[in-house]
Amino acid sequence: MIRSLGADLVAISPELPDNTLTMAEKHAIPIDILSDAMSEVMKKYRLWFAVPGEVKELYLQKFGLNLEKYNGAGRWELPVPATYVLDRGGIVRAGEADPDYTVRMEPAEIVAAIRKIAEKRSM
Amino acid sequence: MSLKETLAEFDASRKRPPEVVAIIRRGIDYARESGAAGLRIGERAPDFALPNQRGEMVRLSDRLSRGPVVLNFYRGVW
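Here the protein sequences line up with chains A and B, keeping their order.
In terms of the working numbering, the first sequence is residues 1 to 123.
In terms of the working numbering, the second sequence is residues 1 to 78.
Next comes chain B alone, as it looks inside the complex (with noise of 0.2 Å):
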């Protein structure tokens, strides 16, 4: 199963009632109108510096220097 069929399965699993995923839906379509879209395919990423888990500065130059870079953006850990 891929991860997009998993991922399906588990949200249907939620059985979650029809005016909280109503609710759900609107902020999903307000996100995709907000104009967020992201990188184009081609484009170069801007770089930056954050600090990791152990309060270190990673700079994506400096990762770039060493190989590709996988760079994912998630909501959080709740």
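Looking at chain A on its own, in the form it has when it is part of the complex (with noise of 0.2 Å):
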């Protein structure tokens, strides 16, 4: 849908390249996942922040959760869930970032998002 309107859609995480896909499979996968190893764009983009203690116990414990295994060594780190869409000039035009992973912004107003910049352009 986003790309039969003309955007493309980009992910970011803060994991390492995954090595459990093969190349079909990684040629198979439409869109852009790009791999943040660094933190450096989730710093830039001020969505980075470091997992609480409380937080990295819960997840190693209770949910067998080591986040170094996907992240690397070290890398107690993650992003803000955040999506945004830029228009051609690199603007955000709409987005959403929220702590709360639950929350997430609506497909529908990403396609609206974008239909409102073509609009623009056509004008």
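The reader is advised that the hints may include incorrect statements.
[Claimed, not checked] Here chain A is said to cover these stretches of chain B; the calculated rule only asks that three of the stretch's residues, wherever they fall, bring their Cβ under 8 Å from a Cβ of chain A:
| hint | stretch |
| --- | --- |
| 1 | 16-30 |
| 2 | 35-44 |
| 3 | 47-58 |
| 4 | 63-73 |
[Claimed, not checked] Reference excerpt, derived from the structure (chain A facing chain B, CB under 10 Å, subset only):
| hint | residue |
| --- | --- |
| 5 | Leu-5 |
| 6 | Glu-15 |
| 7 | Leu-78 |
| 8 | Thr-83 |
| 9 | Arg-93 |
| 10 | Thr-102 |
[To be verified] Below 25 Å or equal to it, Euclidean Cα-Cα: the simulated DSS-like pairs (lysine-lysine) are:
| hint | chain 1 | residue 1 | chain 2 | residue 2 |
| --- | --- | --- | --- | --- |
| 11 | A | Lys-69 | A | Lys-56 |
| 12 | A | Lys-62 | B | Lys-15 |
| 13 | A | Lys-62 | A | Lys-43 |
| 14 | B | Lys-15 | A | Lys-56 |
| 15 | A | Lys-62 | A | Lys-26 |
| 16 | A | Lys-56 | A | Lys-43 |
| 17 | A | Lys-44 | A | Lys-56 |
| 18 | B | Lys-4 | B | Lys-15 |
| 19 | B | Lys-15 | A | Lys-116 |
Calculated directly from the structure, the hints in this document are not laboratory data.
Where is the CB? At the ideal position from N, CA and C, for every residue including glycine.
Hints are included, so try docking the two chains, each in its own frame, into the full complex.
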């Protein structure tokens, strides 16, 4: 839907490149999944935070989740989940960043923002 | 049903113990208070170049020269 409107979808996570996928599988993924392994982009976008100690313990002990396995040694750090719709000039036209990771920007809002950018361009 | 409603329903269905929910809540508050508020509407998104899943470098400004871009920051595949 996003691509049919002429927009590109780019996903970014702190994870190291995924070694569990085959090259064929990697080619089959229609969007770019970028690896911010040095946390530089999360920081530039003011989304970076260090996972607090008690959450780290909860992940390790109750959820059996070791972030270092995904992010690399010593990297108990995450981005605030966020979505930004950028026009061709790179200006943020719509977006949402919420530390509550169960809240996400509505897909319909993303599509509406892209349509608005396209309308402006054709005027 | 909207995505927000679907996610809220899923979260409620997990029935986590109150002490676990409390730690998660405090973690969310911590991230909120850390000042990680992200970009503002109308601000220019900083340019960057990062490798994609195939090891190819992707530069934001290159993508923008082709059209609008939807950027999604997510925590990971776990």
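Cross-check of the supplied hints:
| no. | hint | verdict |
| --- | --- | --- |
| 1 | 16-30 | holds (count 8) |
| 2 | 35-44 | holds (count 10) |
| 3 | 47-58 | holds (count 9) |
| 4 | 63-73 | holds (count 11) |
| 5 | Leu-5 | 8 Å, holds |
| 6 | Glu-15 | 5 Å, holds |
| 7 | Leu-78 | 5 Å, holds |
| 8 | Thr-83 | 5 Å, holds |
| 9 | Arg-93 | 7 Å, holds |
| 10 | Thr-102 | 5 Å, holds |
| 11 | A/Lys-69 with A/Lys-56 | 13 Å, holds |
| 12 | A/Lys-62 with B/Lys-15 | 14 Å, holds |
| 13 | A/Lys-62 with A/Lys-43 | 29 Å, violated |
| 14 | B/Lys-15 with A/Lys-56 | 20 Å, holds |
| 15 | A/Lys-62 with A/Lys-26 | 32 Å, violated |
| 16 | A/Lys-56 with A/Lys-43 | 20 Å, holds |
| 17 | A/Lys-44 with A/Lys-56 | 24 Å, holds |
| 18 | B/Lys-4 with B/Lys-15 | 18 Å, holds |
| 19 | B/Lys-15 with A/Lys-116 | 40 Å, violated |
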